[in-house]
Amino acid sequence: MTTRKNTGNRIALLQGTLDLLILKTLLLGPCHGQGVASAIQRRSEEVFFVDHGSLYLALQRLEDKEWITAEWGLSENNRRARFYSLMPKGRAQLIEKTSEWQRLTRAMELILGNGTIQNPEEA
Amino acid sequence: MAKRKRSAEDFAEEIQSHLELETDALKRQGLSEDAALQKAKSEFGSVSVARERFYLRGRAEWLENLVRDARFAVRQLLKNPGFTATAVLVMALGIGASVAIFAFVDAALIKPLPYESPSRLVNLFESNLTGPRFHLSYLDYLDWKRMNSVFSSMSVYVQNDFMLSTPQGTRQVDGVRVSDGFFRTLGVRPLLGRDFHDGEDLTSASSTVLLTYAEWQNRYGARPDIVGQPVTLNGTAATIIGVLPRDFHFAPAAPGGFFLTIAPGDNCGKQRGCHNFLGVARLKDGVAVAAADAEMKTIAEQLEKKYPDTNRNRGANVISLTDMIVGDVRPILMVLLSGAGLLLLIASVNVASLLLVRTENRKREIALRGALGATPARLMRQFVTEGLVLTTCGSLLGFGGAFTAMQALPRLIPADRIASMPYLQGMGLNARVVGFALIVSAIAGMLFSLAPLLRISFANLRQGLTEGGRNAAGTLWRRFGSNLVVIELATAMVLLVGAGLLGKSFYRLMHVNMGLQPQNLAMMRISGSASRYSTDTAKVNFEHRILGKLQGLPGVTSVALSSDLPVGDGDGLKTIAFAEKPNLGDHNEVNDRQVSTGYFATLQAQMLRGRGFAESDDSSSPRVTIINQTLAKRYFPNESPLGQHIGSDVSKYPLEIVGVVDDIREGPLETATLPAMYMPSNQEPDSAFFVIVRTSQVPQSFLPQMDAAIHQVDPGIATYNAMTMDDHIHDSQSAYFHRSSAWLVGSFAGMALLLGVVGLYGVIAYSVSQRTREIGIRMALGAHRDSIHRMVLREAGRLAIVGIAIGLVFSVGAGSLMRGLLFGVRSWDASVLCAVVGVLAAAALLASYLPARRAASVNPMDALRAE
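Taken in order, these protein sequences are the chains called Y and L. Add 7 to the 1-based position in the first sequence for the numbering used here, that's all there is to it. Add 863 to the 1-based position in the second sequence for the numbering used here, that's all there is to it.
Isolated chain Y, as found in the complex (with noise of 0.2 Å):
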């Protein structure tokens, strides 16, 4: 879905997915911007890939929007990193973006799901 190539006509399509995968990494409590990539990465079983630069565009966007919020820690192997934690205004966002979403698939699966697509050459 996200590849660091895709940065043209699909990004306003993809900001909003991307928010929403940060908001939901956050809610399982603070964490600095490569922790959130890694764990997007990782949880989605490697089937996405977030663009680095976006990434902390979008965490700024949120930030903004005070949606989350952020302070300068100490990483578990000392690093300094700028630690993102949720704000109550971003846990609403996630509760209705995650409902909708969850309507959007089901949706898409009712209409995808039933029955399989016979390939051409197979018929």
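Treat each hint with caution, since some may be false.
Sample of chain Y residues facing chain L (criterion: CB under 8 Å; computed from the structure) [to be verified]: (1) His-59; (2) Ser-82; (3) Arg-89; (4) Leu-111.
No wet-lab data here; the hints were simulated from the structure. All C-beta atoms in this analysis are idealised placements derived from N, C-alpha and C, irrespective of residue type, glycine included.
Given chain Y's structure and the hints, the job is docking chain L onto it.
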């Protein structure tokens, strides 16, 4: 929580920390220090780009979004070139037409006249039993000026042509004679030099000249030392004392050129019964036009009592100068502007309806994008951007069209007619026109941005994914749209029929039998000095020298002269009587023309009987005449006219009829030829006449040679109105009138047709998009594609037929209303009506074919499942 703006350094530090963390993580996976750092950096991408984007994020985000939206909008629009081209074209037409016409309205009605407080200026006439707008006599002017208490100043003017001596020979120039205070009354100060002094019209009449700016530019090459230059007008030496401002014009005496003072010392100035001036005056503060009119009427009554011999029934008439100048064009322009406004409105509604169709088709795209996280605001912005991109394209094209039209339209008007409307010369892209264009575009932009939003409920975006999207608003729109289309088609029909009738009239007019071959004829009017050629012998001699000189020019096949030109105003009448028919009764008026020997041969008119003129028909031989066919038929229906005698006074110089010529159209093209008689110019010579040359060259390019040759005979000859016969016919009042009305109605008809077709397309396409599900069901139940096709065509056909039927009724009505404008065509012209019905039907078929094909190609499974 106080929001602190984060610094770029802080952001850079975060990226650095990310790279370190990433390196640590990679090292844990077993990579070496260097390899891990390398991979971390490469996976991050460009650090500098990320930093730049952070830096720009605040200020550039909206711009970036706008650019992205605009690019997306352009791509969306390009994906559907048919829709885009139609919408842009329709909008360009609407905006272009209204802006171009507004420019005319602005130049004529809105832009103030180039005088000081023009609304305080009035024009003064004397009225008599014939009408309200007649000239004042000089003595009446002096009395009006002395007795009135309503004007702060009053002046008189009269249009006057002058003979200007130039190194190339004498030229006729346009001019005006004015009283001393004329420019002070108008509040105009010369750009260069000085105004006329008080009393200059009494002391030094005709010796001082003010030039218009155009005259200074064109005739004198804008030479800076123009003031003080000598000039010879009508053989009298004068001095140029000044140049008028660039924007100055005075339509009542247009085109102007040379302004001289009046010469009240002449005979006319001493007689109260000799009327040759018009007055212009400035109202005192607080005095209304009506009050001034009342007072001037009272003064006129007093003068009438005092001078009953000269002033019987002569009243006064005061009207505002602005009304006098633009009063005639105001109603025409207002009708045109309303027409253009209506056109723009219909165009906008059409584009809006096209946009709705598109929105309908994109409902699911919108829902999907919403579900993927696009906020309503973001989606709205996308639609607004698309509307704006569309409007911008349409407006730019429209402005281009309007600008071209503004340049081209005045050129369609013959020069002498445009000269009487000098205010049009200031027409162009001024602030008001640009402002109007921007406002119109802004409204259109708003309409087109908001129209799609009306049909999308952003709160229920997701419903778009599953729901068919039919509702009351859609049905309402269809009904409204259908009625609109019927009106549009009916309007287009009426206008097309009007244009067709006028076009056919024009064709008939230009192909009317004129009795002559107009091609390759070059003509001009020449005027020799009356004192130099005073005797008949001198005049005949003068005519022969001119004819001989022109005959000798290369490429000339024949030469003639005539007192009047064919296809003129039909004037030049005299009453006749016949020696052999004493009891004819009154009103025997015929056109009389003095022509040279070669006249009929040069025009290639047909001699029907008798002989043409010969050089031997001169003052020493009996007086002869040639009559036209109409005269022969009217007065000699059953006998030969040859040898009969005709005269204005039977006892004196009865003329013997020696020949009959086929009718030459002397008057306007559309009026029947009057009886006419031609006399040899050798027997009735004149020093001023038209010369007509048939040449094997292009006649237009022959004119300068002709002019030079005539001045070689005598440099003192004035030459004017040089033109070809084709142009003369083409620019004649009736041809101009028919041509311009055909063009005007034709262009409106073309636009109305286009709008009607687009409107029909929009409504049918919208209807198909709303009925996709229904069509799917029909097909699933076994309806054939052809029957779906027919169903849609039937819907379109019904609208087209209703529109055409209503249009037909109104067309016949409109046709009989404009009967007076038609020539050689009945208002119920079957060929025009059939052609128009055919054009409309074909256009309607074209407009409905696309949506019908789309409907027939609906896949029933898709339609049922998706909706």
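Each hint, compared with the structure:
Checking Y/His-59 against chain L by beta carbon gives a least distance of about 4 Å; that is within 8 Å, so the hint holds. Interface hint at Y/Ser-82: satisfied, since its Cβ lies 6 Å from the closest Cβ of chain L, which is below the 8 Å cut-off. Hint on Y/Arg-89 holds. Least Cβ distance to chain L is approximately 5 Å, under the 8 Å limit. At a threshold of 8 Å, the smallest CB-CB gap from Y/Leu-111 to chain L is about 4 Å, leaving the interface hint in force.
The structure meets every hint from the earlier list without exception.
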